[in-house]
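Student: Residue-level listing of the chains:
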Amino acid sequence: MELLELNDIQGYVIRGYSDMLYSRFVLLEVKDPKASCKWLGQLWPELTNAEPTPFEAPRKDTQLNIAFTANGLVHLGLKRDNLKAFCAPFREGMVTPHRTRLMGDFDSSDPLLWRWGGPKNENVHIVLLVFGKDENTCLNYYEKLKQVYDDKGLQEIKYLDGKTLPENKEHFGFRDGISQPVIKGSGRVGSPDNTVNPGEFILGYKNNYNVYPDSPVIDHEQGEWNLLPPDTDGSGKKDIGRNGTYLVIRQLQQDVDAFWSYMNDNSKNDDGTLNTDESVKLASKMIGRWPNGAPVTLFPDKDPVLINDFNDFGYAKNDKDGLKCPFGSHIRRSNPRDNFEDNKRKESLLLSNRHRIIRRGRMYGETHVGSPTNKTPNGEVGIIFNCFNADINRQFEFIQFAWLNYPMNKQLYNDPDPVLGAKENTTLDEQQNFTIQACPVNKTVKGLPRFVTVKGGGYFFFPAVSVVRFLASLSA
Amino acid sequence: MTKQNALTIITPIAKDKYDDLFEYLKKIRLELEANQHEQFEDIGTIHYCRWVVIDHPHRTYHHTTDESVKAKLVFTSNYDGPKNEQIKDLCTKAANVIDAIYCYCEGYPIPSERTPESRVAYLDKHFVKTTAFYQGSPGRTLNQIRNEENLRNTLKKIIENGKWDNMSCKQIHGKIKHEVFAMPEFSWLKEKAQVPTVNYFGLIGLGIILLALLPLIIPFVLIIHFFYEKNDEVFMLKRSQLREGQMKLLESYEDLNYQNQFSQLVVMKKGMVRLIAIKALFAFANALIRNLFVTGKLMGIPTIHFARWVMFDDNKRVLFFSNFDGSWQQYLGDFIDKSGWGLTGIFSNTTNFPKTNFLLTGGAYDEEHFLAWSRSTEIPTEVWYDAYPHLSIKNVNNNTRIRTMLTQSLSEQCAQDFLKII
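Going down the list, the sequences are from chains A and B. 477 is the number that my numbering gives the last residue of the first sequence; the numbers go up by one with no jumps. 418 is the number that my numbering gives the last residue of the second sequence; the numbers go up by one with no jumps.
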C-alpha cells in the first residue's frame, strides 16, 4: 500500500479540523509579486500539514492553510507555459459559459451577481485559510497574519467567516458532513466500501481507476526548481502537483424560510393546520437523514432523536425500491453507495466511489438551526461549501451535474436534487418534483423551489507545503 | 414493427463556399437553440439529425489520409421507416433547408434544375452505408414515443388526483385502465406494442460460431499483439494537454439541455490485418446489438439513444456518432466503466489510440489518456436536432413498459410493479 507523505500534504484535505470552531477564509490579490513571494517564504513553515498531532503533544489552537487560483499562480510569477500543465477546469475557473450550464448557476445565482469570484468581481489570487478553536482565537491569529501581509504587496479583497453550528448542523437544521470517504494510506481506517485510493484526492498517487490522476507536470525551469519532485514516469519534468489537490469553494446562501415554508405547506393536516412532525418527515425524506443525522433508509418512519452519525449502510439490500429513502433524496443522489442506477451491489460501490469528494462545509451568518417553527434567521445565512478532489470534472462537477441537477436519475423524470439541483425559474411546461416512492402509489410533491443561491465561488490549487516554498521562490 | 434506421450522407463542399456554409449552419443552430424546429418536426419521423464538417483545413483538427482532399459535409439522422421515403421526405417537406445547405456543395443541382427527384438523386448518390448501428429503444417510432409519453403523463395525473385507500394494486390497475381506455386520444392502445426481447437462440448460435472460430481467433490475436501492437504509435496526451481552442469549441455545443451528441473521426491503422480485425469486431457488435442489446443498454451503458459507426473513404477512416443522456464526462466515464474492452477492441485498430494489449485490454482502461484521446478525436457538430430532449432513453423504455403493462391483466404482484414505475 502506498503511504501518503503526510508531512508534505497540507492538513485541511486530510483532517477536518473539527475542533476549530471558527474559520476565516481571506481572499487576497497579489499586488506586488516580489513582496508576495517574500511573504510566502516566511509563511510556508507555519502551514499545517496532514500529520496527526502526536498524542502527548499539546493541542494546537490554530491552523493555517493556503490555496491559489490560476491567476494567482501567474501573478506570483509562474510561467504561462507551466500553468498550461494544470487541468482545464482550474485554468479556466468556475465561471465559463459551459461550466455555468453544468453548475446550473442561473437567475439569482448568475455569476454576474456574485460577491466574489464572478466576472465582475475583483481578481482572487490566493485564499488564506485561517482556523481557530474559537472566534477570538481565530480572529487574533488573523490579525497577527494580516499585519505581516499588509505591507507585503497583497491586498485583502474579502473574507468569508465560517463557523460550526451546535451539533454540527447546517442552517436548515440537519446534521451535516457525516459521510466522508476514507483515504487509503492516510492512517484513518474505515469500511472497505467507503475506502478509496489516495489519487482520488491527492495528486501523485493512483486513483480508483488504478492510474495516476492528471497532475500538473511542468518543464520550463524557474525558481528553486529542485524543490519540486521529479515526474514519476521519468520524463525529467517536475511534478508541481504531487501531494497537492484542488479545492472547490462555493458560497451558498440558504433560504431557511422558503425551505420550511415549503415543507410546512406540503405536509399540512386535512384542516389546513401545521403538522410539524409531517413537515420534519418530508424534509428528512428530501435530505435522506433526520435532523439529528440518522439515515432515513434505516429509520424510515420516525426520527430516533439521538444524534446518529451512523454511516456504514447501503440501499441495495433493504431499500432498492426507494420505499424508505426516496431515490431523489439528497444523500442518496450525491452518493448512491451500493445502489447506483440498476447496477449490482459490488459494481455500484465501484462506480459510486469514482465520484467522491471530501466535503468541508462551514456555516456563515447568525447561528440558526432551522425547524418548522423556527424558520426565520436574523439576516443572511448559508454555507461556505468547500470540497477537495483530484479531478474536478469527474468528481465535483460530475456530482453537481449528473447527480444533483440532472432530473432523470434512476427511474425519475422531473426530479432534480431538492437541496442543490432545483432551478429557480423553469420553462413553461417543465415540472420540478420530488417523488416519494410508496405502495401502492408513488406520492409526488410538486413545484419544488430553489432553496439556495450561489453568492460566489472558485477553483483553487491546494499545493504541497514544499510547493508553496517553491512558489515563494518564483519572484524572489 | 417499423424499423429505426440510420442515414449517413457525405458530400464534398465547394471550395469557395466554406464560409457561406458555416454561416448558414450556424443560423440553423441558433434557430434550434431558440426552439424553432418546425422544419424537422414536420417530417414526423426524425428522432435526431446533425451536420458536421470534416477535412476542413482550419475548422477541424484532423489529419486526413490525403492532404489534397476537400472538406466534406456529413449529414446523419436517426429516423423511422425505409430509407427511400426518408430521403424523399427530406427533399419535399424540408426542401428549402436542403437547398439552402446543399447549394454550397459540389454537384448539387442548380436552382433551375432542382426538383424533388434531382434532390433525391443527389443525396442518394452520396449515401454511405452504416457499418454498425445501435438503437436504445428498437422499433419505437417517434410517434409512439410521443404517444407513450402522453399516456404516462395522463396516468400520473389520474393517480395523483385519485383516492386509492383500501384498494388493492390490482383494483387500482383495473380502474385506471378502464378510465384510460375510455379516452379517445388513447384509441391506439388497442394495437399491441411490439418490443424486442433478448434472443437466446441467436446468442447460443453466436457462441457456437465463436467457439468454432477460436482456433483462428487465438493465433490472430497473438499475431496482432506481437507483430502489430508492439510497434503501434500510442496516444500519450492528458486532457490538460489538449488544444484549448478545440476544447472550448466542443464545449460550446454541450449541455444546452440534458442530452448531448458525440461525433468522432478516426483513421484506420494500415494493413489488411487491422481491417479484418475491425470488420470482425463490427460483425460481432452487430450480432450482439441485434440479439442482446435490445432493451436500452449498449454493453451496460444505459444512456444511449442511438449510436453508429460508419467506415468510409475506402475503409481508411471511421466516423462514430451517438446521441446520449447527461454530460460528456458521464458518458465517457460510462464507456470506461462498462464497456472498456468493446471500445478498445474496435478503436485499437485506429491510429494513435492509448496503448492496448491483445486487442481488448489496455486502451480505454487507461482512464486519463482515453478521455484525452476521445476529446482529441471528437469533431464539432455544427447543427444538432433532438426531437425529445426532455426524455432519457430510460424514460422512453419505461413508458413502453407502462403501456404494455397497462393493457395486460395483471396479478396483484405485477400490478404493484406496474404502479411502482409510474
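Be aware that a few hints might be false.
[As the list claims (entries may be wrong)] The list that follows gives simulated cross-link-like pairs (lysine to aspartate or glutamate, DMTMM-like), each with its CA atoms no further than 25 Å apart: (1) 85/A with 30/A; (2) 152/B with 430/A; (3) 325/A with 161/B; (4) 152/B with 181/B; (5) 166/B with 322/A; (6) 416/B with 111/A; (7) 282/A with 272/A; (8) 411/A with 95/B; (9) 226/B with 234/A; (10) 424/A with 408/B; (11) 293/B with 343/A; (12) 244/B with 111/A; (13) 447/A with 413/B; (14) 416/B with 431/A; (15) 22/B with 250/B; (16) 159/B with 93/A; (17) 66/B with 95/B; (18) 424/A with 145/B; (19) 234/B with 279/A; (20) 424/A with 250/B; (21) 321/A with 408/B; (22) 269/A with 156/B; (23) 164/A with 258/A; (24) 207/A with 220/A; (25) 152/B with 108/A; (26) 318/A with 247/B; (27) 153/B with 111/A; (28) 303/A with 161/B; (29) 13/B with 120/B; (30) 444/A with 156/B; (31) 121/A with 247/B; (32) 447/A with 161/B; (33) 85/A with 247/B; (34) 152/B with 279/A; (35) 447/A with 408/B; (36) 444/A with 279/A.
I should point out that these hints are in silico values taken from the structure, not numbers from a laboratory.
Student: Is the Cα-Cα distance between residue 282/A and residue 272/A 25 Å or less?
Tutor: holds, 19 Å
Student: So if I understand the rule, the pair passes when the alpha-carbon distance is 25 Å or less; does residue 159/B with residue 93/A pass?
Tutor: Given that 25 Å is the threshold and the Cα spacing comes to 53 Å, the pair is violated.
Student: Compare the distance between the alpha carbons of residue 121/A and residue 247/B with 25 Å, and conclude whether the hinted pair is satisfied.
Tutor: holds, 23 Å
Student: Quick one, are residue 152/B and residue 181/B close enough, alpha carbons at most 25 Å?
Tutor: Roughly 16 Å separates the two Cα atoms, so the pair holds.
Student: Just to be careful, I want the Cα atoms of residue 424/A and residue 408/B compared with a cutoff of 25 Å; is the pair within it?
Tutor: Cα-Cα ~38 Å, so violated.
Student: With the threshold set at 25 Å, check whether the alpha-carbon distance from residue 416/B to residue 431/A stays at or below it.
Tutor: Cα-Cα ~22 Å, so holds.
Student: Is it true that the CA of residue 269/A sits at most 25 Å from the CA of residue 156/B?
Tutor: holds, 17 Å
Student: For the pair we were handed, residue 321/A and residue 408/B, check the Cα-Cα distance against 25 Å.
Tutor: holds, 20 Å
Student: For a C-alpha distance cap of 25 Å, please report whether residue 444/A and residue 279/A respect it.
Tutor: holds, 14 Å
Student: Mind checking the alpha carbons of residue 424/A and residue 145/B for me, to see if they're no more than 25 Å apart?
Tutor: holds, 23 Å
Student: Quickly compare the C-alpha distance for residue 318/A and residue 247/B to 25 Å and report which way the hint goes.
Tutor: violated, 39 Å
Student: Going straight from one Cα to the other, do residue 447/A and residue 161/B come out at no more than 25 Å?
Tutor: holds, 21 Å
Figure legend: structure checked against the earlier numbered hints; hints not met, in rising order: 6, 8, 10, 16, 19, 25, 26, 27 and 35.
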